[in-house]
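Numbering-wise (UniProt numbering), the sequence shown opens with residue 1 and increments by one.
What the hints contain is simulated information worked out from the structure, not anything from laboratory work. Among the hints, a few may not be true.
[As the list claims (entries may be wrong)] Here are the in silico distance ranges between beta carbons for each label pair:
no., residue 1, residue 2, range
1, THR113, ARG271, 32 to 40 angstroms
2, GLY95, THR269, 38 to 46 angstroms
3, TYR351, TRP77, 29 to 37 angstroms
4, TYR351, SER320, 37 to 45 angstroms
5, LEU291, GLU388, 19 to 27 angstroms
Virtual Cβ for every residue (Gly too), placed ideally from N, Cα, C.
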Amino acid sequence: MIGVRTGLLALCLTAPLLLAASPALPPVPPSAPPPAPPPAPPPGASPAGPVGTAHRRPADAGTRGPAARPGALDGQWQLSALRVPEAWRLSTGEGVLVAVLDTGVNGRHPDLTGTVVRGPDLTGVDHEPGRWGHHGTAMASLIAGHGHGTPERAWQRGRVESTSTGDPRAAVAGPVGVVGVAPSARVLSVRVTLENGDPLRTEGHPGNPGALAAGIRYAADRGADVISMSLSGGDGSWEGSAAEEEAVQYAISRGAVLVASSGNDGETTNRRNFPAAYPGVIAVGAVDRRLSVAPFSNRQDYVSVVAPGTGIVTADGRESYVVGDGTSSASALVAGIAALVRGLRPDLSPYQVRTAIERGAWRRPGGGHSRSYGHGIADALRALREAERMAGPARVLPPPAGGSGREPAERPLSRLPVIAALLVLSVVMAARVLTRKSHFP
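The whole structure should be built from the sequences, with the hints applied where relevant.
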């Protein structure tokens, strides 16, 4: 009988140890199949992008004209249309970095002083003063302009008094300049294209065919929370490239929200426009003051939302002001809304930020989506409300070096709690075996 007791005791004490030493079971594979690899580059394209001129065009629908220096929020109808002053009660984009991939940004403009971090020029061409930074400065002002002209910045004064009066537009007299959607955000300027009027365009300068893909990766590696791409037309815009699509997915895996203009071919060819058509990018169309889709705005199934895009006053690279039309402006405004969401909920993933913006849109078309309006007209306040209600994990973890950019697989559950419970049970059983009296002589 002593041998039986000894065997039972050994079994009770070694079972937990055997369980701990056994190999871990692999995690259950996800129910959805992994995403398909990006398509191969089109014939005649290099791995870095399409052959030929590398320069996308800034997404302007027409010639921009000079504008008088605006009073803060005066004539900037896009802010009220998007309910931006009301949204400032919840977020102004504090702590958010927005990369503007464009023609360059003039950080000396009085509405952008102290806001701009200058990144690289990836175009592969030299530029002369006065031939760069106009379109990029305009887009940066719509995203993060802070106005000027008083001890308090325009948006700060409006925000403070809106809290006490209930009317966000009650105290905007005095300060002047362009006020962006996210005036507390910072701007990272990355030059990836030339101005529409740059003589080098007419000379057919080849430039750098991989500028946009390199710019996206640069911005992601520098911690950009939002990447704004107000680009349309030009070589590469209608075909896309594997290198650019891979860069987009890489940036998303690093937690960046990507926003791009849907295109300005609505009245003519209405072609698919890249980078807006890449999966995961928030593609933005334009509406006019009547909130009808602008004739030039592309109508495509990839359109996420629409925003104001006609008669938009912006800063200019010459430290002055211009007014113009285009999905460029609409895209920059939604990039500002993404910055507001990120300022309020930095823990949300790029997909969740996009979902908040799309769910927060109003004048939603029948069926929830249309090629003209996307999910509807963007609304900054409603997007923040949607973000407030979201629960969820933090941003997607960055992939390992040379990785695919996919989210890491789930780890198997830890066995420690199970092992501890079995060990306690084993001790109890062993004690009972040792103290039990035998019924045999």
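Results for each hint:
no., hint, in the structure
1, THR113 - ARG271: 32 to 40 angstroms, "holds, 39 angstroms"
2, GLY95 - THR269: 38 to 46 angstroms, "holds, 41 angstroms"
3, TYR351 - TRP77: 29 to 37 angstroms, "holds, 31 angstroms"
4, TYR351 - SER320: 37 to 45 angstroms, "holds, 39 angstroms"
5, LEU291 - GLU388: 19 to 27 angstroms, "holds, 25 angstroms"
In this structure, every one of the numbered hints holds.
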